[in-house]
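S.K.: Using the hints provided, position chain B relative to the given structure of chain A.
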Amino acid sequence: MSKPIIVIRTVSVEKMSPVLEACHRNWNGHDIWVVSNLGRAEEMRRDLRVARVIENRPGDYSRPLKMDTVFEAVVVPVANEGGSGYGNVFGAVLGMSSSSYWLCSRCRQLIPVSRGWFRYRKWMEVSLGRVARFFGDYWSDRILEKE
Amino acid sequence: MKAQLESLREVSVAILSCNRREDLRQTLSWLLDDAAPWKEVVVADNVSTDGTLEMLRNEFPSVRVMALERNEGVAGLNEALLSCSGKWILSLDDDSCPVLETWGDLNEVLKGGCEFDTITCSVRSSRKELGAAVPSGVSPYLGLHQAGSLVRRELMQELNGYDSSLFLWGVELDFSARALLRGARLGKCDSAVVEHRCTPANRSSERHAFFYTRNLLTFLKRYAPAGRKQTLIGSYLANVILYSVLHRTTVYWRGVQASKAWDVCSDSSLSVEQFEKMGPDLRLPFSFLG
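Going down the list, the protein sequences come from chains A and B. So in my numbering, spot 96 of the first sequence is number 96, and the numbers just go up one at a time. So in my numbering, spot 195 of the second sequence is number 195, and the numbers just go up one at a time.
Treat the hints as calculated values from the structure; they're not laboratory data. Do not rely on the hints blindly, as some may be mistaken.
To be verified - Result set (DSSO-like, lysine-lysine): computed pairs, CA atoms no more than 30 Å apart in a straight line:
#: 1; chain 1: B; residue 1: 277; chain 2: A; residue 2: 66
#: 2; chain 1: A; residue 1: 66; chain 2: A; residue 2: 3
#: 3; chain 1: B; residue 1: 277; chain 2: A; residue 2: 15
#: 4; chain 1: B; residue 1: 277; chain 2: B; residue 2: 260
#: 5; chain 1: B; residue 1: 128; chain 2: A; residue 2: 15
#: 6; chain 1: B; residue 1: 277; chain 2: A; residue 2: 122
#: 7; chain 1: B; residue 1: 128; chain 2: A; residue 2: 3
#: 8; chain 1: A; residue 1: 15; chain 2: A; residue 2: 66
This is chain A alone, in the form it adopts within the complex:
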């Protein structure tokens, strides 16, 4: 039995259709699983290309999502080109075992990346985010003091 593809739903249900189309074309014959929050799970189940929906709690994407299944591919859709801005989500990937890892750029184009790439991007955005947070809090205080 062929290994399934798993897609982390990082974009709206609306934007998931071209993602699923790209996955279906690229991995014809493989089941497609989708990780989604409970609020949108039923909508995802309705898509005939989706074989299984795994429900997660809001906020779970920042931690590795542990799964026993070994996947053919882990796919992370991003609305932009390079995935910048999604660092907090990339951590979810690190709990999964897969033959390959992919970014779905602009929710249409599958680009192969590595686990290391996801790890690096998460680390970079989270680390730089902590530095930025110091300045963000100061800036927020200034805005609120003015009112």
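M.R.: Chain B in isolation, oriented as in the chain A frame:
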């Protein structure tokens, strides 16, 4: 199928259009074919220069057209929304259209008297690959989608439509917050599908980034729960700094500067529970570039 959706005879359709003539033609053709159920269809046109008005006049004479003199974003849609006479108003984009074969469940809900004041449909980019829906009725959902939501006329008039000062993008979040603070019940119907083709025309990543940055910061200033406002705004501004560096752009900074036009409010905060259930995606502005 449409003849059976009797409750839609009390639904006015309001569409905002700007330079997407062919999309609007496709949408209206589908909306108005045989036995169209709608009470009325109103199009507010934001100064299109691609022949949209001529197309409307020649091909869709039953559509009420509001030809605006200036492009003021959602202010134009408000003119259409507030002129509607139906019990419910369906707000659509010019490239979105209800898939009426899936609206049977919603029709029954509306016929039976609905306790909700807004109903957001399942907005999808394609109607293909959809299996049959399990009738879902309407369930609580603290949100709205401008390209596929029903709003009670009374609520629309009470709130005076969308906040036109926000121009576009993020207006639904503001509307949802105001509706909640007025005690409205917001819901969704997952079985009723609206196809939103999301045509690339008139969509610019940089414009999205600017307006979303500005409008989401304004949302936080106005509605973030009182005890969490500072933390949420601090976190948001941290992302402005971070992604300005990573994306090498000033657009987020410009969005923050533009939000100075709105003051921080302390008397219109949502509760923590309401805010968390709304779950606004505060990273959205930073997902267009980069």
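S.K.: Against each hint, give a clear statement of whether it holds in the structure.
M.R.: Now for the hints, and whether the structure bears them out:
1. B/277 <-> A/66: 26 Å, holds
2. A/66 <-> A/3: 17 Å, holds
3. B/277 <-> A/15: 21 Å, holds
4. B/277 <-> B/260: Since the Cα atoms of residue 277 of chain B and residue 260 of chain B sit roughly 27 Å apart, the hinted pair holds (cutoff 30 Å).
5. B/128 <-> A/15: 14 Å, holds
6. B/277 <-> A/122: Roughly 26 Å separates the two Cα atoms, so the pair holds.
7. B/128 <-> A/3: 25 Å, holds
8. A/15 <-> A/66: Status holds; Cα separation ~25 Å.
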